[in-house]
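Keeping their order, the protein sequence lines are chains A, B, C and D. Letter by letter, the first sequence follows residues 505 to 812 in the working numbering. Letter by letter, the second sequence follows residues 152 to 642 in the working numbering. Letter by letter, the third sequence follows residues 41 to 395 in the working numbering. Letter by letter, the fourth sequence follows residues 1469 to 1783 in the working numbering.
No lab work stands behind these hints: they were computed from the structure. Keep in mind that the hints are not guaranteed to be accurate.
[Claimed, not checked] DEER-style ranges, computed between Cβ atoms:
{"no.": "1", "chain 1": "C", "residue 1": "Ala281", "chain 2": "B", "residue 2": "Leu281", "range": "30 to 38 Å"}
{"no.": "2", "chain 1": "C", "residue 1": "Ala281", "chain 2": "B", "residue 2": "Asp324", "range": "41 to 49 Å"}
{"no.": "3", "chain 1": "A", "residue 1": "Gly771", "chain 2": "C", "residue 2": "Ala247", "range": "53 to 61 Å"}
{"no.": "4", "chain 1": "B", "residue 1": "Thr421", "chain 2": "A", "residue 2": "Leu770", "range": "51 to 59 Å"}
{"no.": "5", "chain 1": "C", "residue 1": "Ala247", "chain 2": "B", "residue 2": "Arg278", "range": "55 to 63 Å"}
{"no.": "6", "chain 1": "D", "residue 1": "Val1743", "chain 2": "A", "residue 2": "Ile663", "range": "41 to 49 Å"}
{"no.": "7", "chain 1": "C", "residue 1": "Gly334", "chain 2": "B", "residue 2": "Arg331", "range": "57 to 65 Å"}
{"no.": "8", "chain 1": "C", "residue 1": "Gly334", "chain 2": "D", "residue 2": "Thr1473", "range": "45 to 53 Å"}
{"no.": "9", "chain 1": "C", "residue 1": "Val221", "chain 2": "D", "residue 2": "Ser1566", "range": "16 to 24 Å"}
{"no.": "10", "chain 1": "C", "residue 1": "Val80", "chain 2": "D", "residue 2": "Leu1745", "range": "50 to 58 Å"}
{"no.": "11", "chain 1": "B", "residue 1": "Ser212", "chain 2": "C", "residue 2": "Val80", "range": "30 to 38 Å"}
{"no.": "12", "chain 1": "A", "residue 1": "Val785", "chain 2": "C", "residue 2": "Val221", "range": "30 to 38 Å"}
{"no.": "13", "chain 1": "D", "residue 1": "Gln1718", "chain 2": "C", "residue 2": "Ala81", "range": "25 to 33 Å"}
{"no.": "14", "chain 1": "D", "residue 1": "Val1743", "chain 2": "C", "residue 2": "Val221", "range": "55 to 63 Å"}
[Claimed, not checked] Examples of chain C residues toward chain B, derived with CB under 8 Å:
{"no.": "15", "residue": "Arg255"}
{"no.": "16", "residue": "Phe260"}
{"no.": "17", "residue": "Ser268"}
{"no.": "18", "residue": "Gln270"}
Values in this document were obtained by computation on a predicted structure and should not be read as measured data. Even glycine gets a Cβ: it sits at the ideal position worked out from N, Cα and C.
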Amino acid sequence: MNQIELTLFLESAVRLGIPLALAAIGETITERSGVINIGLEGSIIAGALGGALGALAFEGAGLGVLSGAMAGLLVGLVFAVFAIGLGADQIITGTAVTIGGLGMTGAIYQARFGATGTELSLPTLAPVAIPVLSEIPLVGSALFAQAPTAYFAYLMAPIAWYVLFKTAWGLELRATGEAPAAAEAAGVRVRLVRFMATLFGGAMAGIAGAHLALAHAGTFAENMSAGKGFIAIAVVVLGRWNPLLVLFAALFFGAASALQFFLQALGFDLAYQIFLAFPYVLTLAALAGWVGKSRAPAALALPWEPHR
Amino acid sequence: MSDPLVRLRGVQRRFGRVQALAGAELDLHAGEVHGVLGANGAGKSTLFNVLGGLLAPDAGSLEIEGVQTALGSPRDAWSRGIGLVHQHFTLVPALSVRENLALGLRGRSLTEVGGVVEATMERTGLRVPLEATVSAIGVGDRQRTEILKTLLRDPKVLVLDEPTAVLTPEEVDGLFDLLRELAGEGRAVALVAHKLDEVLAVSDRLTVLRAGRTVLTTERAGASERALVAAMVGSGVADEIALGVHRTGMKRDAPARDPSAVVGRLTGVTGERLTNATLEVRAGEVLGVAGVEGNGQHELALVLAGRVRPAVGVAQVPDEVAFVPQDRRTEGLVPDFDLTENIALALSRLDRFGAGPLMPWDALEEEAERIRTRFDVTAPSVATLAGALSGGNQQRVIIGRELALGAQMLVAENPTRGLDVAAAAYVHGELVRLAAAGLAIVLVSTDLDEILELSDRVVVMTRGRIVVVPGNERTREGVGALMLAGRSQTG
Amino acid sequence: MSAGIAPARAREAALLGLGAVTLTLGAGAVLLLLGGYDPVAAGASMLRGSIGSWNTFVSITLVRSVPLLFAGLAVALAFRAGVWNIGAEGQLYAGAVGGVWVALTFTGLPSLLLLPAVLLASCLAGGLWALVPTLMRLRLGIGEVITTILMNFVGIYMAAWMVHGPLQEQRGVFPQTDRIVEAARLPALIPGTRLHIGFGLALVIAAVLAVMFRRTRLGFQIRAVGASPQAAAVAGRIDPARVIFISFLASGAIAGLAGGAEVSGLTYALYEDLSDGWGYTAIAVALLGGLRPGGVVVTAIFFGALQAGAGAMQRDAGIPAAWVDVVEALVILAVLGLDRVRAARAAAPTGEGGA
Amino acid sequence: ETESTFRAALLTSGPVSDAGWYAGAYDGLLLLEDSLGASVSHQQTATPAEFDEAFIAYASSGYDIIFAHGNEYQDAAIRAGEQFPDVTIVVSGGGRVSANVVPLIFRLEEGSYLAGMAAAYMTASKVVGMVGGVAIPPAQGTFVAFESGVHVVDPEIELLEVFTGDWNDVAAAKEATVAQLSRGADVIIHNLDAASFAVFQAVREAVDGGDVAYAVGMNSDQNAVAPDVILGSAVIRIADAFLTTARLWQDGRVGGAPIYANTEQEVIDFVFNPVLLDRVPAEAVDHITRTKQAIRAGEIDIPRVIFVEGEGEGR
Ligand SMILES: Nc1ncnc2c1ncn2[C@@H]1O[C@H](COP(=O)(O)OP(=O)(O)OP(=O)(O)O)[C@@H](O)[C@H]1O
Ligand SMILES: Nc1ncnc2c1ncn2[C@@H]1O[C@H](COP(=O)(O)OP(=O)(O)OP(=O)(O)O)[C@@H](O)[C@H]1O
Ligand SMILES: [Mg+2]
Ligand SMILES: [Mg+2]
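Looking at chain A on its own, in the form it has when it is part of the complex:
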């Protein structure tokens, strides 16, 4: 690759990483509270449709992102009501929410645009180049000539990190995910904390979906989330439940994915399925080389009922 190609590759890596980062930062907060939301996929696709419909209704991509966030949050709410409110198993609930989210968005899309869909063209979230930063050689345009949602992700990572590790609120959140009984005994409202964390995760996933629809594709298609919810969950682990590392992990995964298209475009004569598997294999390798054990929050996925 020459320098221009390298720059383009990096741009592509960031573009592919951003939706993962958005969803994974949200999920990090959710998981830190002891909830694993594998219904994330449902929130992402809802965010994509919500973003698309919002952008059409309000004739602007910005408000589209906001409605995407709301849609993602709504799906997160359904998950939270069952998994936290009712104490139902988180994995089953997440499975149902994913199926339901994919189905519901398809149903709404068809109700709005007809059974055979439409060639939908949306107001898009155009890249905004940040004056000086985007001129940095090599990485400047990749990192700083992106859609506003990318900057939102850059911003949320340190904010989430700060809240998580430096504030009393974050302390309560982490305690809730590690030892809910102890947190409750200290006066933390475990279920409330988990509710909020899950809704936040849902909203972030919604923004990720809106980004896909408005910044990336400029359209909505059924199932366009294409498994990103699951990858985001893997990214959270790769980022060791630390929002800053999660951002990097997402970009890493984005780079691995971008590489596959560049290698294909470069004309490497390998079956393309091998390129497609590449980011996953690379992530496995990265994990193996990523020395030191990271540990999930101890109470992750365990339903909690104050034992009264």
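Fit chains B, C and D with the ligands to the given chain A structure using the hints.
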């Protein structure tokens, strides 16, 4: 007497088939230290959990400062000025001590918390390693953290459920001074402990629970040990426990054994928290291991019990060693298993339960039943989940199981921690009997009285090293001094 | 654990659960009405298409349940050992590839040899697919949740590559393998239906697992390590690593059978998109079945019926696939609500039968 | 219900809301209902196991003709055809033939050959890209034909090819397109479903960034989707093909041999985007129009991927 700060009346609480509380009563007055006694499973923790807002009572009333109150959560209890130090730790293992303390002080900024913590440590003399992760500190430090966490919120009513079990004698004395001081400031202090002398030493008034009911409330002045024990366990067995066996019946002057039969031997074992540990354990003796928590006793116990193979040095121990581990809820038991399964965990390896691929459940269930009866475990049946037992009853199950192993050697860490007087006496009696029968016993304990009373030889662990205590220094003071040499390790 | 719920709480939880059931089913009906579809017709076609007749039940519902059954048992086994194997999907694909490879390679063998070889190969391949996360957990301490998810994607692409490359049909045109020989095909379990003996095999495995958990030392060790690896090691002197190794690989092997049985019992060739996320559905199946083999059998058949009914809803009631997914999700949520009712009732003290 | 009505079913393995390949089939089904009074039903299937099930369910409940819209159905179709000799199964892009199972072959190569010629006239960089979903023969066929269309005009032009592995993954399609643009491609053709929008979006962003680049629509007339960047579309009029097929079937003329749909019947076509037509040199328009007529007349053999069993005789 003034109106009580706390008045509990007719409190009932049921867990499935178990009526844990059946009309318990308790008054706590400002300015008093109130001892609460009762056999294992009497309902002490349940009652305090009701007071702490953790459990909702099925019936009964709670008044705080004369006002009828219903506590919906621990949060409510906190806001009413009730601070509860739980029997089982309610710390977050993955967080640092400082963070755990900050969690107790919800809502204040972290810098503010720092100041309050320092001040409280200063005032109470409770020193804890602030930056350490809780999972890496010993139970003594955890207990201190737990108490500190509660005190930070400046409660009007302070309730401590078995706080002394893991503290050294000096620390117990210090804690009691602190409790008196706190009471002197006009707070009400309630305390559960199983050692009568401790409770008697610190309390102004006493309440005894039996089978979920309050059977006695009395001024300290008017209480005799005998009457208290009678109230706790019912009249019949009280005498021998209170007066005889527990106090004096244990100590043996001349152990009957063959001193040449070495059952276990460590040579130059070095590893985590162990430095060049060399030790022999002989048949028929009780070897007492004293030390401040975190000086390597637990690691020594694991090696002696054959649970950990040392990286450096040689450990010659029997294939089968009975082991009563320090943390009963994570190492001793599987809380989600029933009693039979928990007993099977250790016993199903034994030849007498056959060697085929199938589990001999019938025989194991019989064995479980036997242990339940023999050790008087309060549980509806052997199909009860271990996690649903009171702390003392969990300990009984473990001890019963390990003794049934019929091993040549027994390593026990704080075997009577959390046991009521009767059970503690029984366990002590068993240890003595087994030693007499030729078993090699290693008794690791933070309870110096227990060590001094039962042991033939005593060693002290300080900073991972073993120091043998000469016969003439085998006194509370002598051993205590050796132990304190290792104090800074944890402080 | 919910053993500590007091009577009032239990009643409250039960009511909450019932509310959830009513709400989700009600919401489903309202949504369908809003979408312009007839909920009654939808429900009827769902029932008809899943349990409407003996033949429907056997040839559609039970057939659909087979991969869920294998994969569900695989997940249940792993979860019981405290191994979070989210990788049944990848293991299923590996199993399908392994099985089809043997079936295409040893075409001369008699059925009596070839069939067991095919199934064994699926087991081995599935186990091999689980080996990577197993070693990464035991050797490197890397949690299996992430590694198994990643291996799923790798497995799916590996199978896709196989049908585009090494195992592609002789003509080299379509992304599929050649059809496997008769001798490598699982015979019908009930003659005249589509149900192949894979279903029987799954039931046998379920029975074996049930007996293992309840009666055998290994089963007990697995449960102990799953419930508390520390207590298992200290009190039970069980080596958790060994138990995890065995359970993880066995789980992968059983998940591999899901793929092998699908290929040799039903499709007779390997295709891309062999599975519709069954490995993930299997997690729900296993958990809803309480991680008990018997429970898994029931929930796998339930999910089989759900999916069979979903097809019928499209065909007979004209409800589009997207809507069918919505209904499916709502039914799962309603079942979750019911499950809460059941749990609350179990916790409530009922005389002798209590907690 | 009158005697003359017949029952037609459609199977797709993707959502019909894709405004493309599946949507066209669904429109076809509705066209049978409207024009021929057929009673119709549709099922979206996901796995090979479901294919069998759906065929059996439709055949055993009296459906007369089943359109299985994708080559993935071919094996299951043969099995079902044997079991239910009275039903007729039409497999779009299928490769296997029996008495009552027939492939419906869309000669989209004819359209994409023309698209290739257009691309060759428009490329300034002499690099042209192709972005595909899954590498199945019909998709590969369009690329092969596209390539030869390009080379008919200018044999020097370089072609890039990428498959994303997913017809609907918009993010993958976008990055694949960006990758090709960055390799210098300035005309991009696709063979995708819903993800095709991302190709147009990527090209549009390149144009917004000051480059000159074009996309080519595929499968349906996509000219209106992104009129600012789409040069033209290689079109299949699937609904028309279904209608024609159903009429043939009514006449008893379906069975035992593949059905071909091509430019001759105007099922396949290449249509320029009128908005951008003024940028296309007259010479190019003329050349393409002439070629189209030659193809219709059967004078030009378009290279293609042969995938029907026993096929060799061409059209
Ligand atoms: N959550 C629970 N579920 C079932 N049974 C319980 C539960 N909590 C307590 N019990 C039962 O209630 C009874 C009282 O237990 P409690 O913990 O109050 O006893 P305790 O007096 O604190 O005993 P110990 O001295 O052993 O700590 C015991 O029989 C115990 O098994
Ligand atoms: N979910 C549960 N189901 C059944 N029993 C439980 C459950 N949780 C705890 N227990 C048991 O209920 C009782 C109360 O639990 P807890 O953790 O509060 O311990 P405790 O012994 O009562 O000490 P503490 O005073 O610290 O509460 C204990 O006997 C404990 O073993
Ligand atoms: Mg207690
Ligand atoms: Mg207790």
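>> Please check whether Gly334(C) and Arg331(B) have a Cβ separation lying inside 57 to 65 Å.
In response: holds (60 Å)
> Honestly, do Gly771(A) and Ala247(C) meet the 53 to 61 Å range at C-beta?
Replying inline: 55 Å Cβ-Cβ, so the 53 to 61 Å window holds.
> Going by Cβ atoms only, is Gln270(C) closer than 8 Å to chain B?
Replying inline: holds (5 Å)
> Are Ser212(B) and Val80(C) spaced within 30 to 38 Å by their CB atoms?
Replying inline: violated (53 Å)
> Should the hint that Val1743(D) and Ile663(A) are 41 to 49 Å apart at their CB atoms be regarded as holding?
Replying inline: holds (45 Å)
>> Holds or violated: the 30 to 38 Å window for the beta-carbon distance between Ala281(C) and Leu281(B)?
In response: holds (35 Å)
>> Range first: 45 to 53 Å. Now tell me if the beta carbons of Gly334(C) and Thr1473(D) are that far apart.
In response: holds (49 Å)
> Taking the beta carbons of Val221(C) and Ser1566(D), is their distance inside 16 to 24 Å?
Replying inline: For Ser1566(D) against Val221(C), whose Cβ atoms are near 20 Å apart, the range 16 to 24 Å holds.
> So the hint says 55 to 63 Å: do the beta-carbon atoms of Ala247(C) and Arg278(B) match that?
Replying inline: Check passed, 59 Å falls within 55 to 63 Å.
>> Does Phe260(C) hold up as a contact with chain B if the rule is Cβ-Cβ below 8 Å?
In response: Because about 5 Å separates Phe260(C) from the closest Cβ in chain B, which is inside the 8 Å limit, the hint holds.
> Lying within 50 to 58 Å: is that true of the beta-carbon distance Val80(C) to Leu1745(D)?
Replying inline: Holds, since Val80(C) and Leu1745(D) (Cβ atoms, about 54 Å apart) stay within the stated range.
> Would you say the C-beta atoms of Thr421(B) and Leu770(A) sit inside 51 to 59 Å of each other?
Replying inline: holds (57 Å)
Checked against the numbered hints given earlier, this structure breaks only hint 11.
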